[in-house]
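K.L.:
Each chain is listed here by its residues.
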Amino acid sequence: MIPLLIARNTFREATRDRVLASVVVAGLALLALTQAASSLAMGEGRRFTVDLGLSGISGLGLLVILLTGTSLVAKEVERRTIYNLLSRPITRPAYLVGKWIGFSATLWSVALLLGLALWGLVVLRGWGGHGLAVLEAVYLAGLELSVITALAVMFSALSTPVLSALYTLGFYVVGQWSNDLRMLAEKLPKEIGSLVTVIANLVPNLPLFNMRTLAAEGNPTTWLHLGLASGYAAVYVACVLCLATAAFESKDFK
Amino acid sequence: MERSRDATGLILMAQGVDSVGGNPDVKGNMQTSVASIAERQTIGRPAVGQTVPDPGLAVCIRGLSKHYVHPWTLRVTRGLDALDLDVRRGEVMGLLGPNGAGKSTTLKLLTGLLKPTHGQAWLMGEPVESTASRRSLGFLPEQPYFYDYLNGIEYLELAAQLSGLQAATARERARHWLGRVGLGERPRLGLRKYSKGMLQRLGLAAALVHDPELLILDEPMSGLDPFGRRDVRDLITEQRERGVTVLFSSHILPDVEMLCDRVAIMIGGRLTRVATVGELVEDGAQAVEIRCAPGALLVIPKHWAGRVSRTQRADESVFRLEDEARLGDVLGWLLQAGVQVRAVTPQRPTLETLFMAAAEAEHERRQA
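The listed protein sequences derive, respectively, from chains A and B.
If you count by our numbering, then the first sequence holds residues 1280 to 1533, one letter each, in order.
If you count by our numbering, then the second sequence holds residues 2 to 369, one letter each, in order.
Honestly, I wouldn't trust all of these hints.
[To be verified] Using 27 angstroms as the maximum straight-line C-alpha spacing, the simulated DSS-like pairs for lysine-lysine come out as follows: (1) B:Lys194 with A:Lys1354; (2) B:Lys194 with A:Lys1530; (3) A:Lys1354 with B:Lys197; (4) A:Lys1533 with A:Lys1354; (5) B:Lys303 with A:Lys1533; (6) A:Lys1530 with A:Lys1354; (7) A:Lys1533 with B:Lys116; (8) B:Lys116 with A:Lys1354.
These are computed hints drawn from the structure, not numbers from a lab.
With the hints as extra help, turn the sequences into a complete structure.
P.N.:
Shown next as structure tokens:
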């Protein structure tokens, strides 16, 4: 109940922020741009539209996280609005979980809105065979954004908005390269290789959520992939939020 | 009513202030002072090791300390030092002290916003570490900030639901309290358009929206105009009449004198005195003013130097005695000299006088 109340408030905050509206408009404009530019894509207009549309969802979602999500908790601490919440009978973990649910719901809404627009475009252009793959890719992009949101909530609870944005961006970038890092680790001396492997395992395995290439070719993924990605996201988010609450529990609000 | 009478003037607490000093004499005073505080408290304290406080206490604080360690220099700053304090159910207690006295720290420790370094505290019998202690708590932080993307009614609904009310009840209570604090005419007005006074009223409404049994208010009159202060005083009085316990900090001494059953004075992170306003009056030496018709210039005897002073005005001479114990002697001396005495007026120091004296004494102690 309490996390849902916090989540509703966070959702309300995010959706009343101009940043979100601007991002949605930018996303729709990007889709329109793909149509203008697809004629120049040398017969690859379908691939170009789907790939850019899906990249737009991930990229704009990341932008919203960096602009708003990374100050979710820090801003409340700085502006002291958190005093009005934590002096009520709510636990700090419930507060953080509520923040994550609310902001994730916001990003899912954006992903869904832009995803449906992309799907509609694909169907309208007569590329209906790509529809399922596009929806699956949008689902995975939503999972990816939820995972990054958990990191943003954790850093935001423990740091300033600027540092929190830097840490989140760092985890995102390294997370995109996590598979390459694992491969690199095998070629490095044992000690350094082990360290690189640990880093690769600590950052989120973001390639797991990336099926843009598959979707651009109209190939749906397997249920096993979707299940694995969902399970991984759930476990990763749970671990990050546990860490965040452990640190947040002892935080003083001076 | 008794409080209003007390508000006209009272006395001294220099002994209590000195009591926190570091030298042996001062420490002796401290023991006396703490003992006298303990004697004044009629409700029993939990013994050492006892984990359940007296059910008659709304707030029970034992040895509560908050120290801050600088992350780089490791220098320790004491925000609050070994505070023992009880607030009885239904009582209005004022926390007084200059900036940095530890008032807000105490209130934040009680509301779970700070974690104590040492000691324990209970609200309505529940330890402050537990969320249950905040079920029947209404808290107004100092200079409250709110979500500017919400409007008044949305904010109060959220506050009520977070304090455990069902959605329908929360909506009803939110409307009631928004009107009660004078903001009901424009319930959909965004909080970003609220003035400072309106935000303070909204904060009070949010603290009261779930009908708490205990109210903790940090500087509730801060930033309000005289009308706003009167409204807040009325609200606190109304809550006291409903049996709600109120613990509040303030810099505005007349408000404290008017509202409080008891006053706790904090200076430098320590509690220096807990007493009713009346007790403070009775405890101290009382000054007296003797107003006389203008006459021959009398020379005040040397052995009264520093204890009796004279101010010459156009139409009268005023003799001020720092201690009423000498009244008989001085009056006898004046009458014998043929001076026409017009009035003898006891001069009861205000809480402000006491407070300033306490702060000065603490400052001197620190300098020493």
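K.L.:
Now, for every hint given, state plainly whether the structure supports it.
P.N.:
Each hint, compared with the structure:
1. B:Lys194 with A:Lys1354: This hinted pair holds, its Cα atoms lying about 20 angstroms apart.
2. B:Lys194 with A:Lys1530: Not OK: Lys194 of chain B and Lys1530 of chain A at ~32 angstroms, beyond 27 angstroms, violated.
3. A:Lys1354 with B:Lys197: 20 angstroms, holds
4. A:Lys1533 with A:Lys1354: 14 angstroms, holds
5. B:Lys303 with A:Lys1533: 54 angstroms, violated
6. A:Lys1530 with A:Lys1354: 15 angstroms, holds
7. A:Lys1533 with B:Lys116: Distance ~10 angstroms between Lys1533 of chain A and Lys116 of chain B Cα, so the pair holds.
8. B:Lys116 with A:Lys1354: 21 angstroms, holds
In summary, the structure is inconsistent with hints 2, 5 from the numbered list given earlier, while agreeing with the others.
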